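Given the coordinates of chain A, assemble chains Z, B and G onto it according to the supplied hints.
Read off the chains here:
4 protein chains.
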Amino acid sequence: MTDTSSNKAMLLRRVNDMELIPYAASNTAPPGTCLIRIKSVGICGSDVHYFKHGKIGDFILRAPMVIGHEASGVVEAIGSGVTNVAVGDTVAMEPNVTCGLCEQCKAGKYNLCPSVQFFATPPIHGALQNFVLHPGKLCFKLPPGMDTEQGAMCEPLSCAVYACGKEKANVKPGQAVAVHGAGPIGSMVSMVAAGLGARTVILCDISKERLKMASSRLSKAGTHFQFVNTSALSPEKTAEEIRKLAGGRDVDSTIDACGAESAITAAILSTKPGGTVCLIGMGAPKVNIPLLSASIREVDLVGVFRYRNTYPTCIELISSGKVDVKSLITHRYTFENGSILEAFEACEKGVGKDGKPSGKCMINITDSFKSKL
Amino acid sequence: MTDTSSNKAMLLRRVNDMELIPYAASNTAPPGTCLIRIKSVGICGSDVHYFKHGKIGDFILRAPMVIGHEASGVVEAIGSGVTNVAVGDTVAMEPNVTCGLCEQCKAGKYNLCPSVQFFATPPIHGALQNFVLHPGKLCFKLPPGMDTEQGAMCEPLSCAVYACGKEKANVKPGQAVAVHGAGPIGSMVSMVAAGLGARTVILCDISKERLKMASSRLSKAGTHFQFVNTSALSPEKTAEEIRKLAGGRDVDSTIDACGAESAITAAILSTKPGGTVCLIGMGAPKVNIPLLSASIREVDLVGVFRYRNTYPTCIELISSGKVDVKSLITHRYTFENGSILEAFEACEKGVGKDGKPSGKCMINITDSFKSKL
Amino acid sequence: MTDTSSNKAMLLRRVNDMELIPYAASNTAPPGTCLIRIKSVGICGSDVHYFKHGKIGDFILRAPMVIGHEASGVVEAIGSGVTNVAVGDTVAMEPNVTCGLCEQCKAGKYNLCPSVQFFATPPIHGALQNFVLHPGKLCFKLPPGMDTEQGAMCEPLSCAVYACGKEKANVKPGQAVAVHGAGPIGSMVSMVAAGLGARTVILCDISKERLKMASSRLSKAGTHFQFVNTSALSPEKTAEEIRKLAGGRDVDSTIDACGAESAITAAILSTKPGGTVCLIGMGAPKVNIPLLSASIREVDLVGVFRYRNTYPTCIELISSGKVDVKSLITHRYTFENGSILEAFEACEKGVGKDGKPSGKCMINITDSFKSKL
Amino acid sequence: MTDTSSNKAMLLRRVNDMELIPYAASNTAPPGTCLIRIKSVGICGSDVHYFKHGKIGDFILRAPMVIGHEASGVVEAIGSGVTNVAVGDTVAMEPNVTCGLCEQCKAGKYNLCPSVQFFATPPIHGALQNFVLHPGKLCFKLPPGMDTEQGAMCEPLSCAVYACGKEKANVKPGQAVAVHGAGPIGSMVSMVAAGLGARTVILCDISKERLKMASSRLSKAGTHFQFVNTSALSPEKTAEEIRKLAGGRDVDSTIDACGAESAITAAILSTKPGGTVCLIGMGAPKVNIPLLSASIREVDLVGVFRYRNTYPTCIELISSGKVDVKSLITHRYTFENGSILEAFEACEKGVGKDGKPSGKCMINITDSFKSKL
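Protein chains in written order, with this note's numbering: chain A, 109 to 481; chain Z, 109 to 481; chain B, 109 to 481; chain G, 109 to 481.
The hints are simulated quantities; they were obtained by calculation from the structure and are not laboratory data.
Keep in mind that a hint or two might mislead.
Pairs count within a copy or across copies, as identical chains cannot be separated in the list.
Said to hold, decoys possible - Calculated pairs, BS3-like style, for lysine-lysine (alpha carbon to alpha carbon, straight line, at most 27 Å):
1) 394 / 352
2) 316 / 217
3) 249 / 394
4) 352 / 249
5) 328 / 434
6) 464 / 280
7) 457 / 160
8) 217 / 352
9) 320 / 352
10) 163 / 394
11) 280 / 457
12) 280 / 163
13) 394 / 345
14) 345 / 316
15) 217 / 274
16) 217 / 320
17) 316 / 434
18) 457 / 217
19) 249 / 217
The structure displayed is predicted, hence computed values, not measured ones.
Same shape as in the complex, but just chain A (with noise of 0.2 Å):
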């Protein structure tokens, strides 16, 4: 039995109203569950749109909910049955609960399942408090030399290994990959894409900070990075572009992770036949684009919803060195009222307190805060 009393939880009770508040949390581990001491819990634009705006799409905050999402801690308890991982291993949360039982999961595509439960989509309460409990199957043991940081940055991680893996881009080594948008995620999709043996990756965006700053994060033995500025390009002139620095031919795949409807064109223009053109930018609800070009040349449209089977990935990828997600976090906050929320306006304003553009902001919750709360 873990003395729990002292929970806190970032509660989100209605638009613009949230607050860390004392928070009944379990003090044992029911059979197949973790009780979690959390480390950390990384900020989404997706935390901060229901902060905002109280929904997404049909996911509306209906009932007041702990936020939170990309989080990992140290296993305080486990109940009967879990063997995967033990009291005191540091652990990520995949936050994918799901039926099991649907023709969503019984064919494998479990991040389909329409009874998923996921960590801050309402109604389902969030990780951003000191003890959650969670499905020992979903806790990912960290390899020694893998911090908590890292460990909630396989969270925003899972989407670009998604994008990039098997069932989707299918990026595979000595190939070329082209992505658009070269925001965070454009920027991971980047790193997997090389960490996956890409030997050329092609990264568009049409600002040229956000390719500045990607620019400065990308490197890999073996895979050569190369930019394009599109902001002055036709979406043929950008397709166009990328054959050129492909070395004269289209690439193999494309990540879109803007959503733009010029950056779907030149995906679909400059991606060879056979390939895939994965789309993981959210842009206008329809686009004008030219299908008859990818249907003709098997230039498959692929999408992504969230994510499956990635956290092993993810840990390899970030344990091996192969991904530096640390690079990705601009931002530091502990865990109290006034800095969780500082941490919520610099990731919606994009830019920090101290002037610097905010990439990934983290919350970290160590023991010294206690005192301090």
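What follows is chains Z, B and G alone, placed relative to chain A:
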């Protein structure tokens, strides 16, 4: 050694200039090849297009070319090393003669081989002649009870089999499938979907006549065919109607055989998360579609270029009676100059000399014709 | 609320001690579940084995358990959230209640879930009773014309469908398939291989009687069934015979449904490079086999444990008439104490009270029996 | 036109009769081919076997044949249509020249093509000569920093990459993998498993020396290599030990690179349900193994014949530093008659003239040798 000296071929010299003329043919089968005595050749829209326009996309008729690619006949001679067929066998001929060494071939996507040599795609000669040499491995023996008209129909049926197959729409037993476009392709797709075990096939078109004709051909124990006249419906309404007919849920996959923006839109809106919209219709180069709705629900948009690995399935579907290709043949012609041109005209105009709407037009080469020639 | 107070269940108390007794049943369907009024339950060798030996491998009967796992019935009530079936629907029930979160479930291999709860596998209660609660998502609606005997047969048919399916023997249209063992499983496998389009099915056994009985059941347009009596043949000779019947070539895949060393040896020697030998027979723990011949020709040896994702295919094969499971039912019994025990005896002895060889023994629960009870 | 008049080739005339002699070579590159100036050729056990025995299985030396198949060099000339490499490029050469039309090729399993033409497999000439013609599509450009010794090593590395790859053992990030046999193949397999992200690699052998040598070569951040001396262990004890080192659970997959019955037995017993035992070792024709334990737990036994689609991965693993093939080369020789024969002797005897154990023996063809010849 076969006497092929009387060989005649339907030679397309240039736009609107095509004639059945004496034409040199091999009288032996080199190693690995079969010499085929052609018996049946179907006429396809692309044959007519080369006749009337001299090109399709980048494929341009620059020199006289024998026309015809939907062919079946009898093995007259085999070269050394041919073991899968024997002299006297009735065979269907897959036209995909590929290089076998390029990246696409090595990856098992041989239909995308950039060096493919395909009957009657310039500059490769076609099969509308008495004798044709063809690689033995691309000749597929027809079982007893299957004739050369059915053999020739394996070629157009291949598009439907490929579209419904594992790599594309992946139609599985018990599923609900929507098909947009009730012409010959859409009808064949509907037949194949049923043959693969779909429990519900929902066929949509804007033409009452096409729906009626398709309806008269579609029947299979265990499959419920339903029809939607979309002429007065918005894409949203069409999607709603499809969902209603599917029992209040999305369909498992959709095959678009018309290419219209409205059909593709409806297809996206009524296909289940994780499902596929397979595009075989040829519409406008650009379309304005709700791509975001597809991507966030992981509805993949996948096109097809010709087909691969389809002949065994075609032969099984036809010989077992699961698909009745004979019902698609509306007009038959003999291998004579005027008669063949008449077939092209019926195909082009969509109506035969008899005033009846034309579906598949089939040329048969019988011994009796010889005396008439 | 359903009156389930008259529920009776066939309770296996310990080895050789089994009785039909009044048994408490739920009278409502909790969220996500269906309350099923059972109509037909097939008896399987494993049911008999628990009855006579009290265990199978590591599964040991330690407490009284309701027997029966091949079940079908009518939906009496549904819990909230159940949308795939409605009250009054006739359904087949897949027994695989899995955890949905473990590595196997997440990988889409749910039949290997170590926490699976499966009807009548200790300590989980079975379905040979009037009323059973079951997850709605594991209830599959039967189409018009399919009865509960056929519904119950989906369970044993699932093994054959899984063995022939994409992930195992991968039987494709036009192929030649060998099956070793002409008992009920081998017969069902032969039916399914034909139903999936195999052009040639070669069934081998050492028993003239089994071959004769199988032969009388096997017939399908487009499939050529052939039979080999291997009682006097070495594995090498058997392989030779199979190759001869396959037209002078290796078969595309083999399913072994007997487990004998000689059969597995013949299977390896007569399956084509890149083909599969699927093992569903239960033979000696160790066998002496020509594994090198398999490995250097890439003939994979793959086993099966129960099945996954098979019910829609089973229903399609049965409802479309491709597989005639009724022909496998040799004896029928009513839901009465003495009658059920008779069914177990017929199943165990391989012969019914009527002196006829027993295949599938089926228990039917009709309203009329109630008065008799 | 290249002056290839001084070409010399290592011609194997018959058993024990092999000589470096002047040999006619093409001086131009026909369409689709490259003329390669060979720089490095590794010697393999099969080369030695042909030299000492004149045959391997059904492949029999019936006429003089140039030896050598692990080759890399510089492009001297390219034929029309070659676009993937240019004159002056350093390339590795995949030997699989396949037909492209047979059932295996069409299915994407081109390594099983019955008409494959493979360097130095009778009657096809090999690559141990100054100039070799090769299909352009089978020449793979090496990135900067990768030399021809590493290029030649892509051939033997391909076996390991294929064995660990998606279609065989399917090694994934974070997994535990066992390897039986610590010779050159087992060492390469261990390297590749680590390169693909395995967290634990457990290498087993009966020889302390081989384990020691392997141990000295194996090191990679993020992978824990462990070693088991099985000389005094029963298969059951070996399996127990493997499970212990894997953290008290089965390994995810096993690659057997020794072929011994005891190793295959241990492999089956210690691989997880749904996992794979990949067989690349060449042992006795028959083995007595616990096949039932494999089949009921769905542990697949899959073999390999050569490899397919491996060169891009080999190049990535080597060029990124994930696999250090240089560490496997123990002896180097120049392209002179006596020197090459010495390489064959070192390879055959397992020890070089210097008294050191021989691993990979590499022949280098430098310009300087010419003057000496």
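Inset, instruction - Identify every previously stated hint that the structure contradicts and give their numbers, smallest first. - result: Violated hints (numbers, rising): 2, 3, 6, 11, 12, 16 and 18; every other hint is consistent with the structure.
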